[in-house]
Amino acid sequence: MDFVAGCIGGAAGVLVGHPFDTVKVRLQVQSVDRPLYRGTYHCFQSIIRQETVFGLYKGIGSPMMGLTFINAIVFGVQGNAMRKLGHDTPTNQFLAGAAAGAIQCVICCPMELAKTRMQMQGTGEKKSSRKLYKNSLDCLARIYNREGLRGINRGMVTTLIRETPGFGVYFLTYDVLTRSLGCEPDDRYMILKLLFAGGMAGIASWLSTYPVDVIKSRLQADGVGGVHQYSSIADCVRQSVRREGYMVFTRGLTSTLLRAFPVNAATFATVTLVLMYARGVEEGPKDCEQAQPNHHTQIQPQAQPSSL
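Quick note, the sequence shown lines up with residues 1 to 308 if you use UniProt numbering.
If you are wondering where the hints come from, they were derived from the structure by calculation, not from laboratory data.
The reader is advised that the hints may include incorrect statements.
To be verified - For each label pair, taking beta carbons as the anchor points, the in silico distance ranges come out as: (1) 38 with 241: 13 to 23 angstroms; (2) 188 with 262: 40 to 50 angstroms; (3) 34 with 54: 36 to 46 angstroms; (4) 83 with 49: 46 to 56 angstroms; (5) 189 with 228: 48 to 58 angstroms; (6) 15 with 228: 14 to 24 angstroms; (7) 141 with 189: 43 to 53 angstroms; (8) 45 with 262: 12 to 22 angstroms.
All residues carry an ideal CB built from backbone N, CA and C; glycine is no exception.
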């Protein structure tokens, strides 16, 4: 039941957070010479005006499709890692989270590649005159036909560099916050505390790895339209810093942080309600230690760290 609750909670998080993710990607990859957007609000405004509100949900099919697999991997790996480590300590929470983050990259990387390509398609157009991809599956199929497995795994190294410490920081922050806030069965604010801890953990996770996410987005968007600008991770970093300075690593950060808290809040609220319904309202979470694994696994950057 924890797995089902996690999947439903993750879906709620994707629905809430995807518009912010679209804005983040557009800001991260836009040309510095011919910028389309002046900032987060202007980007939101422009997408809705030029592409309708549905423009904010471009590429949502990919994270929705990968959601079940990612949650299954993260939940399974994190739970098994904690059992192997034996003791529920903040350090072990970090290590278990890092292991889960690394392994789920197998699904996360192709999923985010398709999402990024779909989000960039038809930029500034209300109705795209020429669509390269019909949907996320078609996008991955076309990339595979042209570039093989290497093509659909574009950005895998940067995804690993982002997700491994990102999940570790998330689990660690959530563990520390839930311990300090307390989580008693008769506490009327228990759910609010869990939501707060999850939201803040999501923000901490993004802040710890955001520069890597900028490079990952640029590498995965590179090649749209047939023109490749970067030859490697180092070349992408070098060109980006030379042309835009070190502030390039904060591109889209505002929309990401605005997204992080409500996404995790929606995820945790949904998970809590599903579990309470399934187990019975009178049972609820027994204590903090039992409640944490159910909620820890629901991060999206996705999530940032879908995945982030």
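Okay, which hints does this one fail, numbers in order?
Structure breaks hints 2, 3, 6.
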